[in-house]
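Peer 1: Assembling the complex is the task here: the two chains are given apart, and the hints tell you how they should meet.
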Amino acid sequence: MMPFTYTQAADADAAVRLAGGQQAGARYLGGGTNLVDLIRETIERPTALVDVTGLSDGITETDGGGLLIGAAVRNTALAEHRLVRSRYPMLARAILAGASPQIRNMATVAGNILQRTRCAYFYDQAGSRCNKREPGQGCDAIDGFNRMHAILGASPSCVATHPSDMCVALAALDATVHLTGTQGERRLPFADLHRLPGDEPDRDTVLQPGDLITAVELPALPTAARSAYRKVRDRSSYAFALVSVAAALAVENGTVTDVRLALGGVAHKPWRASKAEQALRGQPATEAAFQAAAAAELAEATPLRDNAFKVELAQRVIVAVLGELAESGLAGDGA
Amino acid sequence: MSIVDKGKEAAQGIAQSVMKKAVELAPGALLPGGRPDPLIRRQHGHIGKPVSRVDGPLKVRGAAPFAAEIALDGMVYAALAYSTIAKGRIVTLDTGAAEAAPGVVLVMTHRNAPRLNPPPRFLSGDKAAAGDDSPVMQDDRVRWNGEPIALVLAETQEQADHARSLIRVTYAEEPAATSLPTADGCEVGTFMGEPLRAVVGDADAAFAAAPHKVEAVYTTPGHNHNALEPHGATLVWRGDELFIHDATQAVAHTAWSMAQIFDLEEAQVHVSSPFVGGGFGAKGLWQHQILAAAAARLAGRPVRIALSREGVYRIVGGRSPTEQRVALGADADGRLTAIIHRGVTPKTRHSPMPEPFILPTQSAYAAKTFALEVQTCYLDMVANTFMRAPGEAVGTVALECAMDELAEQLGMDPVELRILNEPEKDPLSGRPFSSRNIVAAYRAGAQRFGWERRNPVPRSRREGDWLVGMGCATATYPYHRMPGGAARITLDAAGHARIDVAAHEMGMGTATTHTQVAADRLGLPLEAVTVRYGDSSLPGVILAGGSQQTASVGLSVMMAHQELVGELLKLAGNDSPLAGLGADEVECADAGLRKLDEPGRFESYASILARSGRSELVVEGSAPMPLETMHWSMHSHGAMFCEVRVNAITGETRVSRFLGSFDCGRILNPKTAASQFRGGIIMGLGLALMEETQFDGRNGRIMNRNLSDYHLPVHLDVPEIEVIWTDIPDPHAPMGARGIGEIGITGTGAAVANAIHNATGRRVREFPITLDKLL
Ligand SMILES: Cc1cc2nc3c(=O)[nH]c(=O)nc-3n(C[C@H](O)[C@H](O)[C@H](O)COP(=O)(O)OP(=O)(O)OC[C@H]3O[C@@H](n4cnc5c(N)ncnc54)[C@H](O)[C@@H]3O)c2cc1C
Ligand code: SF4
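For the record, the sequence lines run as chains G and S. Number 203 in my numbering belongs to position 203 of the first sequence; there are no gaps in the numbering. All you need for my numbering is the position in the second sequence, starting with 1, plus 1000.
With the rest of the complex left out, here is chain S (with noise of 0.2 angstroms):
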């Protein structure tokens, strides 16, 4: 058979061939053994260029479409009423009213909503959705307080709301578990299916028998999701196909979970996302896109749903609060002997995960002895979630302020603590390291941040009012690769790519990042490229959350690549420069292939495309099982550098300077890669400083759910933020990078209260840090 043939055969068989083959490549690029991607190499393509956002233009514009904009023919628009009681059942329900008011179209309640199948728990399958798999609507029961307990659909949405108000409802209250001493049963928690302890050594033992040791219980509180863009859908059912216009991080998980709520094949549900106003670990499934869905059925019309800023905070989860108790025993040259982190978090019964706040102490630190514990407890509220770095985000705020601790009782300047610390292979499961360099990122940040000026006593730095302290601490995320992920790639005879992934552009730049990596695979320049992303008819499970989606996309792609070079040398065929070659003797550069080590011998796409009498070639990879954590524990890190002033009379705190060192593998564009990193800085800011949700435990009502009432840094209170970072590529992930999404949040907490501190002489453990505990 010839190579044509050969060909030809394969391009049939693309479909069937294309996941075993990608399973069988894989292990090359990733694992022990293996060669890393090449594209870590190539130092002058578009990679690691400040890439303006392909996007930027249509959202400077107001042209980018999000979910509650789209219009449809005969829409109309929902409105919900919200429980007020944390736990009982509905008595009374008077929609009379509400469904005389002009324009109403239907009033859903649990009396008329169609049946639907609880909706599947983030977690509980490859492909579920839901953050919450409390039934919807289905019964008289109340679950926690702001549970929606009817949805009005209207011709408009000031009559939707209008009718909302009008609905009257009375309860059957039941005695619910709205603070940790009436929870519903405490237990060790778990997350991903392990539970969220880890013992080594007789950490207690060696704790007390330290020369050295600090103690101390560190609290946060709950956070609610306030990205800019409250959730929404805009859908419609034709016949029984379902299409959304949804907010979402998942469009895949999205289609599959409806499916399953709704009893249709996953096909019948056609999931479309392309613009994400921020995402945080919030936009995933909850109820409204079930209940619109479902009301749209009814009523037989599409439905706009567009949750007011109160909904997201009744019915979209948030961080739970933590109480954290941190011992941490050294000794007498500072070596850690005993790390101790153990806590307790509510969660609901019906949420997938605790906030697991002992993450980062798993592999910060090199110690004899752990013992680290996360205890869940159940509360009647609502479901709490995942929150850009959720463990990490508060689990730092008391391992790193406990770092500071121990740091000032031996008299050791805390980066120099940090340093002597660090661990050689990952302390608890004794993998090595894909690639750490913690130390480089805390020696660069320290010099460029003037941390050699700090003075360590706390209280000697005065100017006028204003008490001026300077801290630090490590910020810590993992890289994660979640299973499914997949792309297609689209060569037509133009030498022109499409990219088609199902991942989601929320801001991050992710079709920016991935147009120049393409760019740079295919060897094409950047207005060859064209990622297509945001729908779930594309290829792929792909989540954007666990600052994952850089990784899988890019293995997709790659493994995509591979197929593609495969093809071209096979339609290339033996009048083609390219004759004989293989693949690994092949590299893709000026819009074509070349070999690796004698230039001169080339062709373009478009020629091998032209001479095959081919308009175009599509290939289409799956990345591998994410392997490369089984042998390497890997992780990114920060250095975090803090300047604050702290106002003597009044306690008010303004954060004055803030830089962020950052070891995160190979930075792929530095603009959008800065601006995620200052943006969970400033995150991070707002939970040192302001962030809190009031959480009433006498009814387990959220009291301030306004971006007036919820406090989020204002640009006063943000100031000039330096980031930089180590650029060294892990050679263990796709393209050297190790994700950057979260990250930044982490450590910010601690460095803030580190340098008030070092400013005022205090330690405030309770989170978040208001003036009042500084008076």
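Extracted from the complex, chain G is given alone in its bound form (with noise of 0.2 angstroms):
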């Protein structure tokens, strides 16, 4: 472990003056249940940790009633708030499908989104190519053990995936981003806030040294009270997922007047399945039409020596999430 500063923010312009200045070895620290491991794995070498735990821990209901929910709320008690759970069930379910209850309870909110792949060549700093960490040097998942890896929207450069579950539903939630920068603030669609690797891999999202992110907020969206997350993964709980389906619909006399999806565990970033969505609406509820949808999604899909299932996993899940949704009677009806 490199030795460094450790400094903790008082509000978010602090954190942007410590950390944003920009002395390039500058970390925010959250819970710090990826970045120090990171650190112990001297993949991350920071020299100064700025704590940004201190920022807003709070959950507050927004004018249109959306929620705006601090960037520092832990993992835990984001997942056990009422609203959440009465208006967004599929987000408390998915951080609760996620890592463990003692890591839940350190982990918050910028830091899930922020954490980085768990490719095991990215985290093997001294026996393996990565070109996340070390752009160029090649990639050395490619053609070693890539069933964690993605299907969708990978380069040539890396074929790693985004590991977290709250992010999946975060993306089909249409989140927004607030962020404070050494520029000011700004509000950035979380849809557009994580990449796709490209031939940049080492980048994981747009954002630009210093960013901060202050708050993620929520928008009102009535489908949303009846969603539903399944996460599928190696073994009951405690492992990253395979595949996960974040999923909302809405059904009105059989046919679908709206839906959210999005899916884990496929890509570099939470992917939101704009195609099947866009394949759906409007379409009868029935199976039929979401085996179309789901196939409209993964047609592009390229797997990769140990991952070629998750293409038939994906499709499966999400038919048997959307079915469930739609026969359990539990599907909104728009009101």
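Derived from the structure by calculation, the hints contain no laboratory data. The reader is advised that the hints may include incorrect statements.
Derived Cβ-Cβ restraints for the label pairs, each shown as a range [stated by the list, open to error]:
| # | chain 1 | residue 1 | chain 2 | residue 2 | range |
| --- | --- | --- | --- | --- | --- |
| 1 | G | R17 | S | D1094 | 35 to 41 angstroms |
| 2 | S | V1199 | G | D202 | 58 to 64 angstroms |
| 3 | G | P135 | S | A1172 | 52 to 58 angstroms |
| 4 | S | P1195 | G | Q291 | 41 to 47 angstroms |
| 5 | S | P1195 | G | G136 | 48 to 54 angstroms |
| 6 | G | A10 | S | D1465 | 49 to 55 angstroms |
| 7 | G | S100 | S | V1217 | 49 to 55 angstroms |
Built from N, CA and C at the ideal position, the CB exists for glycine as well.
Peer 2: In structure tokens:
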């Protein structure tokens, strides 16, 4: 572990001043459940840590009927919040499907969003090549163990996946990210925050150095009151998603009036399944339509040596989750 | 000469005479014509009671000191740097930045490491302990990906870790054997000096001619060791003596082996290991203790080395992968005519044994012909090693899945097929079984589990999205007892007995069960018995391995007890109610000796010692050679029953019920035994469904070297596990007990796979059975 300084930031401006100023080696510290591991593995070598757990940990209703979630809200607090559970159940379930209670108690909303891939070659600083860690070095995952890797949106330079469960729900819910940077405050649609790897796999997001996440805003979304999150993994708990599906569905008179669908475990970013949504809107809420929508989303999937099963698995889980939402009588009525 | 005089003489000569007498007495106990251990008959003592762990309160309070928690004055912390190539030479090794880093006391590499003898490879001698006999940091060669290339000592662990990250190395790589196709030679493997090969009749011809037959290839992946406590040691040199606080399942072996490596007398090395946080075969002598001792000597400071989880993956071997072909031929009634079990497994040239997966097949079923063989191929990787039930754990996967496939083909119930093929004597050696009650275990287990509710037609039971099925398999593990057992009993004037034995408590309950056994043997309450263990200064060369520690310790204490009775009778003399009685006319009861058929003739230990003016009586006994296994085929068994639910959409498997019905001889403590059985079964669930070392065949590097990526069952993966047992004592084992530490993992993988087949109609022969294989 490299020596570093540690400071607690009183508020957002102070944090940006401390970190954004910009000593290149500064990092914001949330719960530390990802960053500290990365420091121990010498993948992150910060010279300064700016603790931002003192930022807002409040969850407040917005005028429009949405929620404003402070960046320092702990994952557990978010999942347990009454309004989250009633209005956005998929988000509560996604969070609870992730990590362990101990980790969720520590993890913050911003830290969860910015956690890095779990690709084993990325973590193997000493012994493996990785373009995300060292641009231009090569990618040992493409021809190596890649069961956990991407089937959508990958590039020849990186096939990693974004590991978060929470983010899959945020992608489906059309969240907005509030930022403070050296240039002041700005907002960003959540869907535009994470990047596909392209030929810059070292950049997980579009954020600039020093950018601080201050809050995440959820819009009012009645459809989401009846929503689900299904995570498929290699053991019952405490494993990252092979495939996960966040979905909300509104059906009126047998016709899909609204649908929100996002996938986890399949791409470099939480994957909003826009093609499937488009294919479904206005269609009958039938298994055939769900199958066609899922197939449309997965048409361009390019599996690797170990993860071809994910295409079939994603297809099945999308259909099953939509089917359950439609059938169980829980499907939103659009009201 | 009076009895008293004789007693005195004997007391003086105890040390010399013990060995000889023990050997003379031994055959009586366990061998043909001998009298079984008298404790087998005793029904109302401490044996068989669910006594709670004597070390439980200490552990719950966090007060039990583990090896890497011992603090020594002036201690420094070690960190290891590991190679990143599988084979080649170190060309440059820049340690300048590391040496200059804050807090650094020493950077040791092959350039400045003291000259060391190669570690004695386990099984190469009575007390050889090393899992790997490669030279330890003695040259610029790299032998596997992950081999230590440098060790840093610093004032804090963080400083050591940081400095380690500053070491820069370049290599001249050489072509390495890191996958079976590139293996550096293959040959028939050997285990304990015997070739892993057995031929009876012409199995291939019998198989070809059989009216019913199944043939399939089963593969199991490599497995890494993941004991809760990673390996660690805290050690110090005092003059020319080395004191090691170790986490080991072999204190005496380690002391002797370290002495060989460092050119010392055995007595100059002291190994203490009172608590071990799980061993499973891995807690032997690996490079970390050797490197730490070498560095401590160079630096002149005590050293603590605590391997990280990655460190355990890099330098402590695991179970090798196997590729096993099983072919079973049966006649029209289902009687086996041919058992063929052949396959291949990789090994290093520096490890003690190849994964001996044919072991369970040697005594499982009666058949006219056998062809068994383990081919072993040499790879450049961390030395593979023992892991809970080496051989049986993965061998039963292949054999017992094949039996299920044969039952299906014959249209027979899998339990009945197994019972039909139950052998009358050991099918290969022809020896009689010492005690074999697998049929009773199957009947009891089947009834308790509700086996009759199983629908033999696969995929016939569905609950919502979940396909439900049941499967069974046979568990088996041999009785072992290794030479070298010895124990000392110190009986004091207050009637308190202390047992000293170089045994190990790795969480199994050793200290507890031996307190119970000794209390019964001596006729004492539990509170009056203390068992001291986990230190190389204590008597005996006792490995906590091969499920043999209980037998080894039990017999050693039994031999010491015979000495004790003889000595007490001599001390009692003519003024005692016991006057004139011989050792086989008395028993130990109520803290004293009494005549077997005349309870009134009794004298307490306290009284005997007081009258003879002794403050204590010390005797030692040694266990004789384990000849019992030359006369009998000695094996434990279990009937394993599993119910699974497989999600029809996602292929996820959930084990919903599990039952193990065991025949392991007498169960000494049902509480600790149940825990051992369940622990083994849980490990077997991991083997069945998720455990897999990701060994990258391109460069021989293990990629999933942490508990996030290497999957073990979590609580939610473990259903309620019921364990029952026959509790039929084995007349040829000490206390009638055959050992229970490893059997739980055997048979479990096949029971799960067979249940999955019953649920889904799918035969998955490539382990672990992950969901993608069931889509
Ligand atoms: C064993 C294990 C299993 C796990 N399993 C799962 C799982 O199944 N599903 C899942 O979703 N997750 C899982 N996780 C990941 C876990 O969710 C993340 O580690 C956690 O959410 C990170 O939050 P944190 O606050 O601790 O972030 P930190 O580790 O503190 O920070 C993470 C990153 O965010 C940056 N950061 C933090 N706050 C801000 C801010 N306000 N503005 C800008 N940047 C910021 C940091 O600089 C750092 O780069 C697992 C983690 C572990 C260790
Ligand atoms: S997939 Fe991406 S993160 Fe993984 S090794 Fe390749 S470049 Fe690195």
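Peer 1: Against this structure, judge whether each hint is valid.
Peer 2: For each hint, the structure was consulted:
A hinted range of 35 to 41 angstroms for the beta carbons of G/R17 and S/D1094 is consistent with their spacing of about 38 angstroms. The hinted range of 58 to 64 angstroms is satisfied by S/V1199 and G/D202, whose Cβ atoms lie roughly 60 angstroms apart. The beta-carbon spacing between G/P135 and S/A1172, approximately 27 angstroms, falls outside the hinted interval of 52 to 58 angstroms. Range check, S/P1195 to G/Q291: about 57 angstroms between beta-carbon atoms, so the 41 to 47 angstroms window is missed.
The hinted window of 48 to 54 angstroms between S/P1195 and G/G136 holds, with their beta carbons roughly 52 angstroms apart. Between G/A10 and S/D1465 the beta carbons are some 51 angstroms apart, a value that agrees with the proposed interval 49 to 55 angstroms. At roughly 38 angstroms, the beta carbons of G/S100 and S/V1217 sit outside the given window of 49 to 55 angstroms.
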